[in-house]
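**Student:** Chain by chain, the residues:
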Amino acid sequence: MTRKTLARLAALSGAAALAAVAAAVGSAAPARDSAAAPLKIGISLSLSGDFSDPGKFAQQGYKLWANTVNAKGGILGRKVQLIIQDDASSPTQAATNYQNFITKDKVDLVFGPFSTLLSAPSAAVANRYGYAFIEPAGGGPAVFDQKLHNVFFTQPAPIVESGDVFAKWLLSLPKSQRPKTAAYPALDDPFSSPIADRMRGILEKAGVKTVYKTIYPSETVDMTPIVSKIASANPDVVIGGTQSGDGYSIVKAMVQAKFSPKFLFLSNGPNSPGEFPSKVGAKNVNGIFSASDWFPQAKTPGNPAFVKAFIKAYGGNAGSIDPGSAEAYAVGQVVSSLASRIHSVDNKKIIAALHKGTWPTVEGTLHWNAIGEPQGQDLLMEWIGGQLYPVLPKSVAVKAPFFPKPAWGK
Amino acid sequence: MHEVVQAIILGVLVGGIYALMASGLTLVFGIMKVINVAQGALVILAAYLSYALFSHLHIDPFLSILIVTPAMFVLGVAVQLVFVRSLRGPDGSELSLLVTWALALGIEGVLSVIFKTNFRVTSPSYGDNSWSILGYQISEVRLFAFASSAVLLLLLSLLLTRTRFGRAVRATVQNPTAATLLGVDANRVQTLSFGLGVSMAAAAGAVYGVIYPFNPGSHYDLISRLLSIVVLGGLGSLGGAVFAALGMGVIEALVAVEISPVWSSFSFFVVLIAFLLVRPQGIFGVRERVL
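From first to last, the protein sequence lines stand for chains A and B. Residue numbers for the first sequence follow numbering that gives the first Met the number 0, beginning at 0 and rising by one. Residue numbers for the second sequence follow numbering that gives the first Met the number 0, beginning at 0 and rising by one.
Hints listed in this document are in silico derivations from the structure and should not be mistaken for laboratory results. The model shown is predicted, which means the values in this text are computed figures rather than measured ones. Don't take each hint at face value.
[Unchecked claim] The calculated BS3-like cross-link candidates involving lysine-lysine, where the alpha carbons are at most 30 Å apart (straight line), are:
1) B:K115 / A:K55
2) A:K174 / A:K105
3) A:K204 / A:K228
4) A:K62 / B:K115
5) A:K311 / A:K55
6) A:K409 / A:K228
7) B:K32 / A:K282
8) A:K282 / A:K257
9) A:K307 / B:K115
10) A:K103 / A:K257
11) A:K39 / A:K55
12) B:K115 / A:K311
13) A:K307 / A:K409
14) A:K146 / A:K174
15) A:K146 / A:K348
Just chain B, same shape as in the assembly (with noise of 0.2 Å):
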């Protein structure tokens, strides 16, 4: 019992930060139908940036996500405006996957020759604590990540449900032809939803890069965790992305100690297509109309 306890508990704290990667990516899905598969790329951008700013200018990875996520904010609205705007029409879709790849690449590669392949961790003074609460282990990094994820992740959703732009992203999301004809600047919304999407990546990676190590090909597989969450959370919907992030911790933290490692990444695609085979839209998603 005591290990499948310590287990939920490891679960659920690493699926806060996989939240946050993750609501980046369905935000940016929901508003423009654009699956950034750079999102884990991005994600290990900001982890260098951090570790960069950590290992030269020893400021602490977690006040680096003040630093990291404006940063990135502005990259992503740079990105946005150069090659994903201009991917519109019926294969719009199709054609950000290519793009967004490409630019994956583009990020490894030029991490790669800046920092070398080296596995690399961000590792601040307090990062071997722990806290022992009723004979729990409890790291002191994963709880500050997975409580600066909760953090962001309840700003964004506050900024999306009750300010304007919030109010223009939802209906955006909901009918883009209805919005436009409200009076809703949706190139503006874009642009600046693709930059939310990034910066959310940005303040993941700079959690991220204190509790695994990280080389910059590590994006391969956090793009496809990231995209079975999104999937599974049904796609476009932030709860949904947080709910299967959670899941996923769990899932794969109790069968990595109750089974065996080797079935805890592929019992989560079981759930995944299971639940698929129930509820193709995913756990919050809606069905699509077509009209």
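Bound conformation, chain A alone (with noise of 0.2 Å):
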């Protein structure tokens, strides 16, 4: 055999190869040249700033479902690559990192970055291509109010209705029972007072008197000028429209103010199971309500699958995975399930198709309106025997609620 028949016969094997690849992936994708091109996601989170320790909450949620679908072929046959950019926190620096990866990175997806501050701008960037804009953390009224039709938010409700099952709750109770006066301190942040202002609105109509409300700065390091007011004021429910440094002041004053309300909700703070007992005394938490979206013993759509390969992944226990993963994992289980229903990644197919039918994922089964808030209700949960516990709606409950709250320290 000659030199030169045998370079023919390695080009021959060579191109037989490649054609019977080719038939392979064909048969899984359209015909095309770029078939087996990675299927890219431009996500921008904050890696760093004030942020960093929930962006990179989701930037596990985020990779461990690209890894998850890339063991099993990835989507639609092509592998997933995440194409993630730092934000520093930033919300300018957010819209242009979107901005980028539709017009430069050409990529096939866009998913959200943490938090609303953040979303609201890429939500536009993202609309202004024809986008879809699946993401995890922008809840609030400022992502809403643009009523994008390429928006949908990958949590049980929209963040300003997650204190309504504790406000309905409480007017469930018998009369004797339920509380007569409430007292509402707030944090000024699109987050927290409306949700507080939202709760007023549903007790006050049912006859609720409202002794206290205030409305407080971001800069405000001394909640015990508000918890003293709040003491000689004596409600039986105190709801605070809260964010995490400030809850725990509220419940640091509350404790050396000797006062312990009947009922007592805050809007954050108290949910975050890793962090709160250090930070106000393991011992001063029984009681406290606040709101959840996820929690790791859930029976949602693939949960108990999430948190077993999330603990493969990154160590710890189900109790220190964040919610903040789990909503950015949702992110990706509904494009999952967009593959298998729709068949596309085109995004004007993926939104008409988002808009009809329900989507399950581990934060629930979701559905969602035309401005993309989901359908569902936020998760009621409470600190009983220092552990916290999903306690409402009663579908997804693992213990009743818990009342009246016990005094601090028992």
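Taking the hints as your guide, dock the two standalone chains into a single complex.
**Tutor:** So, in structure tokens, the structure goes:
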């Protein structure tokens, strides 16, 4: 055999192998040159700056989903490739990142960043280019007030409604046990005060008297004056529209003021099982209510597998998984479902499809209205016996709500 | 009336801690005309040090003042030698703003990397205790914090008035040229005073972490308050800083209780501006003579 024929044979067998591969891929996806090209997904995340911790939780969820689907052959035969850019927790940088993903990197899809602040401008950029904006963390009014049709928020309910379950539960109690007076301290923040305002609307309508309400600016470090005012008004229920730091301060100030209301609900802070006991003292947590969208033991679609895979990938235990990772994973789950239902990653088709039907995720089975607000309800969480449990809605509750709140230290 | 008295108690207790933080700032300005905008970041750094000592070695946060303060004194001396000393000349003060601001951002960055951006609180076992006196609630840790601040401020004032070093410092504040002519080693005084200023921030930071949740970004809010305090008190005046800090604490607490927390920080700035219109040199400040 001459060298020439050897080369020819090699070329032939190479071509045959290529043809075979092309045929194999072609059966999974329409025969196109790009069939085996990776499915590029652009995600701006806060890997530095104020939101760097929650940003990293979201990153873990996204990466876990990508690795899970890639191990099973990817989406529509294409490997998922996440293009993650840091936005330093800046809304302007996030919007720029999405602009670049779409115009420079030519990504197939975009997934949302962390928080309402960054999601609102980013969703508008995606909308301009006709991209679907499936997002895990932008659930505040600033996102939905834009009335965009490309937004799909992967939590059970909009953030502003996260206290509704608690307000409605209070009103469902027998009249003798129902609170008669309420106080509403709330942080001046698009995430926080709207929750307390909405709950106040529900309770006032049902005759619960407001004895104190206030909005404090985010630079308020000292909650003791506010709490001393609440304590002197002595309400049955205190409803705080809080983020984490101010939520911890309110509880600490209440303990020091020796004021323990019959019911205490804080929209954020107590819902962080890893942080809250160490911030306010493990003996002071019992009977405090909060809202959440996810918990590790939930029987939601794919959740046990998610929890198992998460622990395998990142270590720790089920209790140390932040809901932020589950929210991001849910975004991926929606895309997996889309692939099997519409066999396409075309953004126009995705937007049309997501406005119909229900979508199973670890956050629950989701469906959205025209502007991307999920139509379910959040979980009511309560600290009982030093542990955080979902207590409502009944379909997912692990324990029944426990009340009245015991004294501090009990 | 009960609310008002309670608010005044809270305000005085908080004001004491701010007085300690501001004392370092005003001291350094008085001697070097350096506005150390890293003072807030140094307070937070000390809060983290004390937090780390408490959570890993179970050292009581108030006891940790004895460790954190000397350690930060050394850091302060090093910062002065490396970054601040070389800033001389007519625009030294302006340059010091930039250099210390860079230092603040650097400290914030390092803390974010090591401790993450989550809020932390140093929670000793007695952290939740409070005494009820005539129906008023007085938090144990706040009273300890106030008492420690008062003791440290007293020590600082004794150091400045009763020692040879103190006399050198006061001489340098009043007239650096004359002080040098009389044999005061200005370089030494400046370096040690900067260290002293930072160690006041350190002591305040250790107690700050017991009272408030903090994260690496907490210094922005702190420095704006501290600057207002030293301006109101009169730049370079220790007594003025103490007086202004207590005033700020009481005004903020009263407004938060009687009007709304939204107006509480704002009201202090209104008082500040109104006061400066009448007395631009601050409460205890002296008008500088221009030769």
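**Student:** Need the list of violated hint numbers for this structure, in ascending order.
**Tutor:** Per hint list: 2, 7, 10, 13 and 14 violated.
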